[in-house]
Amino acid sequence: MATLTIDGLQRAYPRDGFALRGVSFDVPDGHLAALIGPSGAGKSSLLRLIAGLDRPDAGDVWLADRNVTRVPAHRRGIGLMFQELALFPHMNVHENVAFGLRMARWRRRARNERVTEMLELVGLGAYASRSVDQLSGGERQRVALARVLAPRPEVLLLDEPLGAIDEERKRWLRSELRDVLRAVGTTALVVSHDLRDAIAIADDVVLMSDGHVLQYGPLSLVSRFPLTAEAASMLGYVTLLQGEVEHSAVRERGVGELGIPPEAGISGLMRVMAHPSTMLAVPDGRHLGSGLSGVVVAIRPDGPVPLLDIVVGTRHLEARWEWDLDAPRIGTVVEIAVRPDTLRFYGSAPVVVPSEPAVESDERVASSNEDAGDDEDAPRRSLFGNA
Amino acid sequence: MALFSTPRSARSAGERSTAWRWVLLPLLLLGPFLLWPVGAMLWRGLAPDGYFSFSLVEAVASDRYYWERLGFTVGQAGLSTALAVALGLPAAWVFAQVRFPLRGLLRAIVTVPFVLPTIVVALAFERLLGPAGWLARALDGVGVAMPTVEGTLFAILVAHVFYNVAVVIRVVGGVWANLDPRTLEAAQMLGAGRLRRFTAVTLPLIAPAVLSASALVFVFCFSSFGTVLLLGGGNPDLDTLEVVIYRLATRLVDLPAASVIAMLQISTTVLVLLVYARLQHRIARPVSLQPHRPRRLRDLSWSQRAFVVLVLLVIVGFVVTPMAALVEGALTVGNEGAVRLDNFTRLFQDTGNISFIPPWRALQWSVTFAGGAMLIAAVVGLAAGMAVARGRGLLATLTDGFLMLPLAVPAVTLGFGYLVTFNREPFDLRGSPWLLLAAHALLGYPFVMRSVLGPARALDPTLVQAARMLGASRPRAWLRITLPMISRGVFVGAAFAFAISIGEFGATLLLQRSEFATVPVAIYEALGKPGDANLGAALAMATVLMAVSAAAFLLIERVRYREVGEF
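Chains E and C supply the protein sequences, listed in that same order.
Just so you know, this note's numbering puts 268 at position 268 of the first sequence, and the rest follows in order with no gaps.
Just so you know, this note's numbering puts 1479 at position 479 of the second sequence, and the rest follows in order with no gaps.
To be clear, the hints were calculated from the coordinates, so they are not data collected in a lab.
Among the hints, a few may not be true.
Using C-beta positions, here's what the derived DEER-type ranges look like [what the hints assert, rightly or not]: (1) D166(E) to R1298(C): 50 to 56 Å; (2) R1099(C) to D133(E): 26 to 32 Å; (3) A126(E) to R1558(C): 51 to 57 Å; (4) G1401(C) to Y13(E): 56 to 62 Å; (5) H316(E) to R1099(C): 45 to 51 Å; (6) D309(E) to A1472(C): 51 to 57 Å.
Every residue, glycine too, gets a C-beta built ideally from N, C-alpha and C.
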């Protein structure tokens, strides 16, 4: 077990017109980190560089204090679970799981014990002699997990481990995966395109987009304080307004205005974002909301209280209606209420969060863009004081 | 022969019921032209006096000569197979895993020998290794006497390896290229170095393909006829069982003994082909949907690059040299060393030699037979492919094996079967070109069937169902949806059938008459006569034949798409 440190990894893929541009982050010893990003962000490419299956053009991979950048993949002590699983088709379940142990020259007795232990761990104790093509998708997934865990890798990489599973079983498998990984206690990096996977299993999160890391750190911190508008929208935040700050309000022509606390100390062009979980639609004219109002154009039942589609000027927003069990009629004007301390402001000028940033001293928050020299983004780091 | 990796898709119950109808057409060809003659021939061996008795079998079994021939036939086939695999494996790796300039062209060149007529191959090696061949002349130049190669096992082995190395490259290379690279990467992530990855992952995964190719090569070499007849130089110690049957049937007229040998011959090939069929099922199916790109030459280490170059030099040299020697011979023999086209132009002149088969007539007959056999094979093979593709489970497997039977009956044995069957009224077809046509069609259609089977199985049944829902009747849906989607398979298979027919030697030699002799027979006849004029004519005809076969093959290469599979 070891801390995994990625330091300025670069690699160009000219054929795909894509490049990893100086990726840096670390996963502390024993932590479970989720690498999140849309498809095409470079997650799998990055994983292959960390695993040693591809060579970076520049940058280093460290396991604890060991630079493994030039160590071939099979001597790195990193385990990789492939998105396609890549089970050996000519071996049964037991032989698949035992393969890594065999390579590490484990004695037969110890090997068999370890295989049994691993299969018990993933709940496939009775499947040892099954052929891998007799297994269901979820079972294959678990065999792949047992196989990658068996040789006790120092660091575990999992590429979309829940990729091919249907929604229903995913929820259950997520918690199972988390329990297994926690039980093993290995440093792990789990790639997913689905934020919910990260929420369900990870301590830390690495947000990636178009070949670079947007932000990384403890999930609790990153999801509360996204550093950039892009990171925020990846975390589910939506844009309420985008406009100039005038007289302690952000104003956007044709949409409306939103009062902001004077202590925010912001000016210039600003983008105001909020998370849907902190937004509610309330009746208009009662001064309960944020001052932003719009017309209900659709009502979508979602459990006991409905979701409203609201047109706010030129912008579409979605908010829950909890005021009454009966939904307002279509065409009604409603106001949008947002917890003010959850509003996030993004602009070109230095900004600070409106409330007290609850940054615990032991949690690190940083941006990976330090090496990329993205000057436009740099000032926004002051969002967290001097993190 | 084909290596298909298509999964059987789910089929509706309605479609299954039509499978048996498709079998009827192949049965029309198989019944009278395979089952009956082969059955009659076997009956002749088992019941020489009209009732069942082992006397003849015992008589043959107690003759040491036949045991020696069996031993030799198996031995040379085994040795040829081992050599073909030893040479073919590295080449399969190079073509499957590495990208280099002219890769497609070189791959086509290296695999051309597979469709070359045996007589052409034999003649080419004669020009290379014979007393007046390139090697002898080259050795003579440095003052070394050329050891006699003609009439030795060496000559036969070299020729066998020559056109069977293509089988190894195609069958093994196809599987190797489809290996999911992630499987190897997974092994590497679990700590396996290069050698361990090869022995623990690659080798077990390609082993069924290697064994399967070996089984095929073994069958080809086991029933080798033309090569042995020509390169054996009449040395009786080199006779294979197939040659023994030929001699018994034509010279000694010991037909019952020939029947017993034929029985032995067929049971061996059937047995090996059964092993082959079993192995086909075990060949790993590619699981990755992303096509895997071979590595570029510059991604390889220096030692790997040197290896690639060495393998290419050896294999291309080995394949191209005999063909070049043949062409060179055709251009120079009889011209006092000058390069002239005389041998070719003379093919189209009437020499007035009555015992000689006019080459241009032979060419006409060859094309006629090949064209006719191709058409029959296309129709019958299409029906056979549909029958197997539509069928399910054990019945489909059995049907598949049954319809592939023509491959298990060696050509001379088949021809011999015809001779002892179609010799009485009302079926006295001796000396009829129709019999020859039937034999060629029979030998060709399994290739069409194999080519059709892949795309037919891969065909999404919902497409036909969609056509039915849009108002197409069942035949119309087949004609408008199914047929266009498998037509490339038919085309590729038909080109193979054409190439098989145009080079067919064994059965043709037994069934031909000089009125309708084909080019391979004409070459053989011309070789049996003295003088440079005859030799020149043989070489020129062989060159033409080689060009036609190679053209057919290159056509196949162009049309072939992945699903059509590998021969």
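Verdict for D166(E), R1298(C) (Cβ pair) under range 50 to 56 Å = 43 Å, violated
ask   = Does the hinted range 51 to 57 Å hold for A126(E) and R1558(C) at CB?
value = Holds - the Cβ-Cβ distance for A126(E) and R1558(C), about 52 Å, lies within 51 to 57 Å.
request  = Can you let me know if the beta-carbon spacing of R1099(C) and D133(E) is within 26 to 32 Å?
outcome  = Cβ of R1099(C) to Cβ of D133(E): about 31 Å, so the range 26 to 32 Å holds.
ask   = That 45 to 51 Å hint for H316(E) and R1099(C) (C-beta), does it hold up?
value = 50 Å, holds
inquiry  = Given the hint of 51 to 57 Å, is the C-beta distance from D309(E) to A1472(C) inside that range or not?
reply    = Check failed, 44 Å falls outside 51 to 57 Å.
key: Verdict for G1401(C), Y13(E) (Cβ pair) under range 56 to 62 Å   = 48 Å, violated
Hint check: violations occur at hints 1, 4 and 6; the rest are consistent with the structure.
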